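Novice: One point on numbering: in this note's numbering, the residue at position 5 of the sequence shown is 5, and numbering is uninterrupted.
Keep in mind that a hint or two might mislead.
In the SDA-like style, the derived pairs of lysine to any residue whose C-alpha atoms are separated by at most 20 Å in a straight line are [unchecked claim]:
| hint | residue 1 | residue 2 |
| --- | --- | --- |
| 1 | K44 | D17 |
| 2 | K5 | G45 |
| 3 | K5 | R21 |
Rather than coming from a laboratory, the hints here were simulated on the basis of the structure.
In this text the structure is predicted, and so the values were computed from the model without any measurement.
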Amino acid sequence: EYLGKGYGREAVSLLLDFAFRLRNMRRVWLTVNADNERAIRSYKGLGFVEEGRLREHVWQDGAYHDWVYMGLMRTEWEAR
Numbered sequence: 001e002y003l004g005k006g007y008g009r010e011a012v013s014l015l016l017d018f019a020f021r022l023r024n025m026r027r028v029w030l031t032v033n034a035d036n037e038r039a040i041r042s043y044k045g046l047g048f049v050e051e052g053r054l055r056e057h058v059w060q061d062g063a064y065h066d067w068v069y070m071g072l073m074r075t076e077w078e079a080r
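Please model the entire structure based on the sequences and the hints provided.
Specialist: Set out below in structure tokens:
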């Protein structure tokens, strides 16, 4: 019912504003399951860049899965 409505993206956007403007962080990074294409697309839409990949990092549902590291710099957030 709530998927695809932009609520998650808006929540992450508010957290990024808090991190960069109020906490004066220089960068924010995250990890995400490489199979979660919807999340990766959403993070890229917010300006995150794929910085690395941990191959076969997590055993889940009977198989190994890659994890993707993504990062966003304050300067990138402010320039958007």
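Novice: Work down the list of hints and note, for each, if the structure agrees.
Specialist: Okay, the hints, checked on the actual structure:
1. Annotation: proposed proximity of K44 to D17 holds, straight-line Cα distance about 16 Å (limit 20 Å).
2. Distance restraint check for K5 and G45: the Cα-Cα separation of roughly 15 Å lies within the 20 Å cut-off, and the hinted pair is therefore satisfied.
3. Of the pairs offered as hints, the one joining K5 and R21 is violated, with about 26 Å between alpha carbons and a cut-off of 20 Å exceeded.
When held up to the earlier numbered hints, the structure conflicts with hint 3 and nothing else.
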